[in-house]
Amino acid sequence: MSAEAPRADDHHLARTDEAEMFERLSRSNLVTTWRWYLGVGVAGAVLLWGLIVFLYMAMVGMGVTGYNKPVFWGLYEASLVFWIGLSHSGTLISAILRLTHATWRAPVLRGAEAMTAFTLMVGGLIPIVHLGRNWRVYYALPYPSSRELWPNMRSPLMWDAMAITTYLLGSLTFLYVGMIPDLALLRDKSAGWRRKFYSALSLGFRGTHEQWRRYHVASTLFAILIIPIAVSVHSIVSWDFAMAKTPGWHSTIFAPYFVVGAIFSGIAGVVIVMAILRKAFRLESVLTPLHFDNLGKLLCTMTLLWGYFYFTEFLTVWYNRNPEEWEVFGSYGGHYLPLFLTMVICNFVIPFPMLCLKRVRRSISLILVPACSIVIGMYAERLLIVIPSLARRNDPFIWANYFPTWVEFSVMAGAAAMFVLLYMLFAKFFPIMAISDIKERLFHTTGRTIGGMTVESIAQVEGEGEAHA
Amino acid sequence: MKHTWAMAIDLDRCTGCGACVVACNAENNIPTIGETEAGKNRLMHWIRVNRYWEGEFPEAQAVYLPMPCMQCERAPCELVCPVYATYHNEDGLNAMVYNRCIGTRYCANNCPYSVRVFNWYDYKWEKPLDEQLSPDLTVRSRGVMEKCTFCIQRIRRAKETAAEEGREIRDGDVVPACAQTCPPGALLFGDLADPHSEITRKLKDPRRFRLMEHLGTEPRVVYLKRQKGAGR
Chain A
1 MSAEAPRADD
11 HHLARTDEAE
21 MFERLSRSNL
31 VTTWRWYLGV
41 GVAGAVLLWG
51 LIVFLYMAMV
61 GMGVTGYNKP
71 VFWGLYEASL
81 VFWIGLSHSG
91 TLISAILRLT
101 HATWRAPVLR
111 GAEAMTAFTL
121 MVGGLIPIVH
131 LGRNWRVYYA
141 LPYPSSRELW
151 PNMRSPLMWD
161 AMAITTYLLG
171 SLTFLYVGMI
181 PDLALLRDKS
191 AGWRRKFYSA
201 LSLGFRGTHE
211 QWRRYHVAST
221 LFAILIIPIA
231 VSVHSIVSWD
241 FAMAKTPGWH
251 STIFAPYFVV
261 GAIFSGIAGV
271 VIVMAILRKA
281 FRLESVLTPL
291 HFDNLGKLLC
301 TMTLLWGYFY
311 FTEFLTVWYN
321 RNPEEWEVFG
331 SYGGHYLPLF
341 LTMVICNFVI
351 PFPMLCLKRV
361 RRSISLILVP
371 ACSIVIGMYA
381 ERLLIVIPSL
391 ARRNDPFIWA
401 NYFPTWVEFS
411 VMAGAAAMFV
421 LLYMLFAKFF
431 PIMAISDIKE
441 RLFHTTGRTI
451 GGMTVESIAQ
461 VEGEGEAHA
Chain B
1001 MKHTWAMAID
1011 LDRCTGCGAC
1021 VVACNAENNI
1031 PTIGETEAGK
1041 NRLMHWIRVN
1051 RYWEGEFPEA
1061 QAVYLPMPCM
1071 QCERAPCELV
1081 CPVYATYHNE
1091 DGLNAMVYNR
1101 CIGTRYCANN
1111 CPYSVRVFNW
1121 YDYKWEKPLD
1131 EQLSPDLTVR
1141 SRGVMEKCTF
1151 CIQRIRRAKE
1161 TAAEEGREIR
1171 DGDVVPACAQ
1181 TCPPGALLFG
1191 DLADPHSEIT
1201 RKLKDPRRFR
1211 LMEHLGTEPR
1221 VVYLKRQKGA
1231 GR
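Protein sequences, first through last, are from chains A and B. The numbering used here puts the first residue of the first sequence at 1, with every later residue one more than the last. The numbering used here puts the first residue of the second sequence at 1001, with every later residue one more than the last.
Derived by calculation from the structure, the hints in this document are not laboratory data. These numbers were taken from a predicted model, which means no experiment stands behind them. Idealized CB from N, CA, C, for every residue including glycine. Be aware that a few hints might be false.
As the list claims (entries may be wrong) - Restraint-style ranges between C-beta atoms, simulated for each label pair: (1) B:Lys1124 to A:Thr312: 37 to 45 angstroms; (2) B:Thr1032 to A:Leu55: 24 to 32 angstroms; (3) A:Tyr37 to B:Ser1134: 54 to 62 angstroms; (4) A:Lys279 to B:Thr1036: 28 to 36 angstroms; (5) A:Leu337 to B:Gly1039: 21 to 29 angstroms; (6) A:Val60 to B:Arg1207: 44 to 52 angstroms; (7) B:Lys1124 to A:Leu203: 55 to 63 angstroms; (8) B:Asn1099 to A:Ile224: 41 to 49 angstroms; (9) B:Glu1059 to A:Leu315: 37 to 45 angstroms; (10) B:Gln1132 to A:Ala45: 44 to 52 angstroms.
Said to hold, decoys possible - Cross-link-like lysine to aspartate or glutamate pairs, in silico, EDC-like; alpha carbons within 20 angstroms at most: (11) A:Lys245 to B:Glu1073; (12) A:Lys439 to A:Glu284; (13) A:Lys245 to B:Asp1194; (14) A:Lys245 to B:Glu1218; (15) B:Lys1204 to B:Asp1194.
Chain B extracted, bound-state conformation (with noise of 0.2 angstroms):
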């Protein structure tokens, strides 16, 4: 069957504790980059709450908004690869080989959410953290572009199960590290290929909109929108 991976994130519901940073950090072999390095503007999130303001001081009002990789259907990151590193996979992610990565750094540049993450140094994990890297991916070399995948181990091992087991993927069995950890429940992964999947009954919500549209992107992860008035 050929899925079609999406993500919601509910803006109503999210609010800025940044728990999905850290789980994907600690899913994916996200190293850990120290605060001098962090001063210099490199983190390597994967996904990062951007967090802006609204309104003047007394009033102001912090607005939070999770940003992962878009996984756009029409990314301009595949594009400008000239070794084929970025490329749309099979379920129509934007999926990265690493290896074959030399470090252009072009997709960052022409990617609008400036999502991607280089690896400007090679980092270590001390002991005893390096007992806890993930088996599932590589531990990336320096001058490598890496992303977000929607965790795309979990997605593989939930087919592998499935196949396993002789079944479909059931809505359900694939959760990223992101949502599964999301306190308040603001982000829901799901099969939009799948219509009774609850991310397909989500994205009916009149609220939703997806970021920078008017580019053309066609980003699958799809936001709904904060809603005002009383009690909120």
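Same shape as in the complex, but just chain A (with noise of 0.2 angstroms):
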């Protein structure tokens, strides 16, 4: 098949030659280049490297990272916060992309969608690697003990835990809820140990009207319990923070504040991985810059909408001067300056006057820019967050500073290529592009022309009124 540039008449593609179509939406699953073994080789590589420095870690004890007296929470806190963070995108786009039926989301869909389930297997693996005894994590359960020990239901690691636990599972049914036609199809594509694989995950979709119909109120009804799900996810992480009596941490913004953030650095995070599926499947011809430009805009208004919470945080502390808080702000332009510049820089004054312009949106490589700066300016974010607060508690007395060590950046290197990994295998096995939506958007648009412009717009899908009825 041929990679050639996107091509005009892309709306007649699925009436003419749905081959072709299939050959280049799963190019992912079709062609094993040598730079997908070399790709999974590192990553692999690094996760087993963060695995055995984890171990040494577990073995020796927590004294073989920064942390110290007073911060006792640091890089892995931090990234626990950013990984769950950048899941936040991935499904609540999608969800929110079905239920308006934006008629431009099919593509998007299973790349943002499987971002949040990975980003959720990695983020959800720390609170275990920071443990000072990893071991003994069962602990935290609730299981039926001799000993009658329950854990407390009123701590917000508790809430945490089963939060994340509740968002992984619904995000990965979302996924795979979403993802039974296109399993489908591959199935009927397919020969040998794959057919086998596809037809056990499809369940039996033959493509009837009623299992189309169930399958759409499914996926709209598990779209529309996601949403609140995602909300409360990263409220409830924030609150890991605010719970505390910690000064910088004890405040009500951080629920709403967190989630902003989430949602931020997740589309940041959707359009790099987005613009990286384009480039390695040769998928220029589905993912326009059309999509760049709607997600740029998305972006945009989260950048405007991060730095107002940004400012409201830091206008109450210094409208009451209470001076534990006042202290911990005040190191911001003292020993976290460099930490204070980058996210200040990297979240607002890159980002901002960039995504403003169309000519940046629409190229793929421009809006990598921003994008970029926005998941660093976001980590840094997160670490201002955790680090300076427990650097300067209530007692001056004990007032020290953090640096990470080389176990942390380690173990936090493999989390990072464990998210990879899982990405490039997902990739491999499953369909990377949501073939069904693609298709249903070719057959159901038609360009409408309202005033002077042409826009798309979805035909509703036969008998859909009824059964919402």
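Using the supplied hints, reconstruct the complex from the two chains, each of which is provided in its own coordinate frame.
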């Protein structure tokens, strides 16, 4: 098959050559290049290194990290918040776009949902990594013990564990249910062990009218249910901090602020992932500049929202001048100035003006600049939330600073590699493009002229109205 | 009888000598971590003597503030532990079950006094130092949070002795290591539930105050303010 530039007559592709469309969209499943093996090899090696270092840390003790007396949490916890934050956009964007019937959504869905699932898996492991006695993690599970010891449900850490588990299970279900028609398609087009594999996973989906109707009802329902879960998960992660008595953490703005930050970094993550997918699997004809333009608009809005939340957080502290909080914020201008500047520049100064320009949003290489800078800036922000508050505690006698050691860096590099590896394996074995949604879009949309503009508009699926009634 | 153990620290008497810290280390099997680790701010003392400076250099004056666990009535640490490793015991103390702790360190983050310490490694007691370990206490493993318990082993021992002799605990039966060793007698320990105890009398002192009271933790450790004036 050819990998030509986007074609103007894509609209008719589905009608004229379904096989070619399938081949184009399933390139990730069909063709395995040496680059893929190289990527998996490198990611696997880094993950292995991270695992070895983690085991070393568990054998020797947390002393090999840079943690010290007032700063009991550091890079691990900041990374936890970062990864959980990154998970936010996938499912959320996908659910919102499904519910609003946005016509451009189809090629973005699967890749974004998969990102959510894998970042959650990585983020969900970090609480175990950071424990002093990882081998006793099951104490935090509500298992029937002969001593009748139960976990402490008043602890925000328990809420956190439950929220992350719920979100992970929810997103995996959402991802899987949305994938069933595509798995059925792959089943029909494959042979050998792959055929058995996809047969089992597609749950006997044959594409009958009734099955489609049920599929639409199920995916709409999941989309409705997943949105409140997504919002609540990051609120709860923020309560790990906001419920503590620590100056700088104990703030009511934390929940909405964390959710906004999460969606912010998540959309940036989706943009990066989409750009990589587009390049790696030659999806230029599907992931068009239009998608990046739309995601860029979302990102621009979130930049403003994030900036506003940050400003309000400062404003309340500045206004009340509580000496304990003031010291924490004072350290942003002192020892933690580099971190603070990184955050402000990467989260606002660079992305906002860039994202205002249509030229940037529509160019894939240019939009990667604000997207990458936001991911870096949000990591800096998470570090800035966790560390200075602990380093400038209530009692000035014990103030100390913190810098991570090679151990923490290695383990977190392993976490990043785990995400890359999971994503690459997923792209290899599962449809990374929502083929049936793309097809649906090609069949059901028509150009409609409203005023002077031609917009894509979706026709109602037959029978859907009755099903809802 | 229900006890309300409390400690009074008379800042007028404290000279900042640090004897309480040494006594506590010896009594509670607290490891000596060495210079390098101490340089990383990982001292494991259950009681520390804070030193602040008052005034500018020529007239600078050191202010000492011994700081054990405050044994808060409304302890922020207890609330956040996911596994109930730290809890409020029947005497109203913040007790710690070391072998239940999984080391989330959230309790330490939530303690406004930062008096909890963490076992960064498995510490070794070289021979013959292992001979001086107290058999009444566990030696904590790596990854476990620990803290001052008002020498709970001594409270237990006193309760047992009193029960054997068929009497109530008398004032002065329980003396934690730090209070026992304090040369100027700045630390005083006792039962507030006993109306005739020395601590009950001492806490009527108008100089009394508690640290960071605005946080609402209701600490059991009460300080007596340093007085200024002639001869001080």
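Sort out which numbered hints this structure fails and list those numbers smallest first. Hints 1, 4 and 13 contradicted; others consistent.
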